[in-house]
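Asker: If you want the building blocks of each chain, they are given just below.
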Amino acid sequence: MNHYTLWHALIGGILIGLASLLATVLSGKIPGISGVFGRLLVAATPDKAWRAVFLFGLIGGAALSFALWQSAGLFRPMRPLVVMAIAGLLVGFGTRLGGGCTSGHGVCGVGMGAKDSIAATLIFIVTAMMIVFIYNRVVL
Amino acid sequence: MKAGKMILFFVAGGLFGTGLAISGMTDPARVIGFLDLFGAWDPALLFVMAGAVGVYGLGMLMLRRMKNRDLKLPSPTPSPIDRQLIVGSAIFGVGWGLGGFCPGPALANLGALRVEALLFVPAMAIGMFLAQRFFGAD
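Heads up: the sequence lines are chains A and B, in that order. Numbers 1066 to 1205, taken from this note's numbering, label the letters of the first sequence in order. Numbers 766 to 903, taken from this note's numbering, label the letters of the second sequence in order.
The set of hints was computed from the structure by calculation and includes no laboratory data. Yeah, the Cβ is synthetic: ideal placement off N, Cα and C, and Gly gets one too. Careful, some of the hints might be misleading.
Stated by the list, open to error - Stretch by stretch, here's where chain A covers chain B in the computed footprint (C-beta under 8 Å, at least three residues):
| no. | stretch |
| --- | --- |
| 1 | 782-793 |
| 2 | 796-810 |
| 3 | 837-845 |
| 4 | 862-876 |
| 5 | 881-895 |
To be verified - Straight-line Cα separation of at most 30 Å, BS3-like style, residue types lysine-lysine; simulated pairs:
| no. | chain 1 | residue 1 | chain 2 | residue 2 |
| --- | --- | --- | --- | --- |
| 6 | B | K832 | A | K1113 |
| 7 | A | K1180 | B | K832 |
| 8 | B | K837 | A | K1113 |
| 9 | A | K1094 | B | K832 |
| 10 | B | K767 | A | K1094 |
| 11 | B | K770 | A | K1094 |
| 12 | A | K1113 | B | K767 |
| 13 | B | K767 | A | K1180 |
Whole structure, please, built from the sequences with the hints as guidance.
Answerer: Okay, structure coming up:
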């Protein structure tokens, strides 16, 4: 488990798919991370408990994996902290406005063949590629 | 809600976080490596998506075929591709490309108390709050 291969990527992806499936059956909703988290910030959300529990589980599962496997714990920061803060603001605003992130649109929506999610996923991947091109080749 | 169900939600979250960490998606260099088509391109994110989309798509297909009335599944009807979806997804893409974090990996990195995540997550919460409060995002 300590040498990263594309098998790790595939197996990790399968786990993400299974987790999303389980959370869908349990909640009756599409469990995209941005929606699960974002709705915790709305006072009127009636089902806050499972959202919080699910996200604590996510953080706990990641913490355990970081500790258990060297390849999982690999973290290579790429950007200055001020850029990370701006990126966070944009990711939060954009995912809620666009109705989903890499999990809600990218995994669940695309998995169900939903046209809106396929469009959203293409848009955020292409936009992100353009920004990385600009940042890596023009800014730096 | 029953305690048993809450335990299962915790397990689902735990599996999600484990998947993110094993897949290497919590490492911003790997995510940006995928997004950087003109650099040393890293295909890992494509394999993660293939595994996740495949399992979820197949699983949902099987669950819908079961036609179990006790099973409450989300509506398969997609939302319209409107301006909110297009503009929102593009803004998300800008943030994703800038930081190499999307919401899941950012939260997962709280599990290692990484300063990038400790900054990114509160900023993300502010962004979400603004979209929901002032732009009618739901």
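Asker: Okay, the stretch 782-793 of chain B and chain A, do three or more residues pass the C-beta test at under 8 Å?
Answerer: holds (count 12)
Asker: Do the alpha carbons of B/K770 and A/K1094 lie within 30 Å of each other, as the hint requires?
Answerer: holds, 15 Å
Asker: Between B/K832 and A/K1113, does the CA-CA distance stay at or below 30 Å?
Answerer: holds, 28 Å
Asker: Apply the coverage criterion to the stretch 862-876 of chain B and chain A: a residue qualifies when its Cβ sits closer than 8 Å to a Cβ of the chain, and three qualifying residues are needed.
Answerer: That given contact holds, which follows from 14 residues of the stretch 862-876 of chain B lying within Cβ reach (below 8 Å) of chain A.
Asker: Does A/K1094 lie within 30 Å of B/K767 when you go C-alpha to C-alpha?
Answerer: holds, 18 Å
Asker: Please verify whether A/K1180 and B/K832 have alpha carbons no more than 30 Å apart.
Answerer: holds, 23 Å
Asker: If you draw a straight line from the CA of B/K837 to the CA of A/K1113, is it 30 Å or shorter?
Answerer: holds, 18 Å
Asker: Under the criterion that the straight-line Cα-Cα distance not exceed 30 Å, is the pair B/K767, A/K1180 satisfied?
Answerer: Cα-Cα ~35 Å, so violated.
Asker: What's the verdict on A/K1113 and B/K767, does the C-alpha distance respect the 30 Å limit or exceed it?
Answerer: With a Cα-Cα distance of about 14 Å, the restraint between A/K1113 and B/K767 holds, given a limit of 30 Å.
Asker: If you look at each residue in the stretch 796-810 of chain B, do at least three have a Cβ nearer than 8 Å to any Cβ of chain A?
Answerer: holds (count 9)
Asker: Between A/K1094 and B/K832, does the CA-CA distance stay at or below 30 Å?
Answerer: holds, 17 Å
Asker: At a Cβ distance under 8 Å, does chain A reach at least three residues of the stretch 881-895 of chain B?
Answerer: It holds: at least three residues are needed, and the stretch 881-895 of chain B offers 13 whose Cβ sits within less than 8 Å of chain A.
Comparing the model with each numbered hint stated earlier shows that hint 13 is the single one that does not hold.
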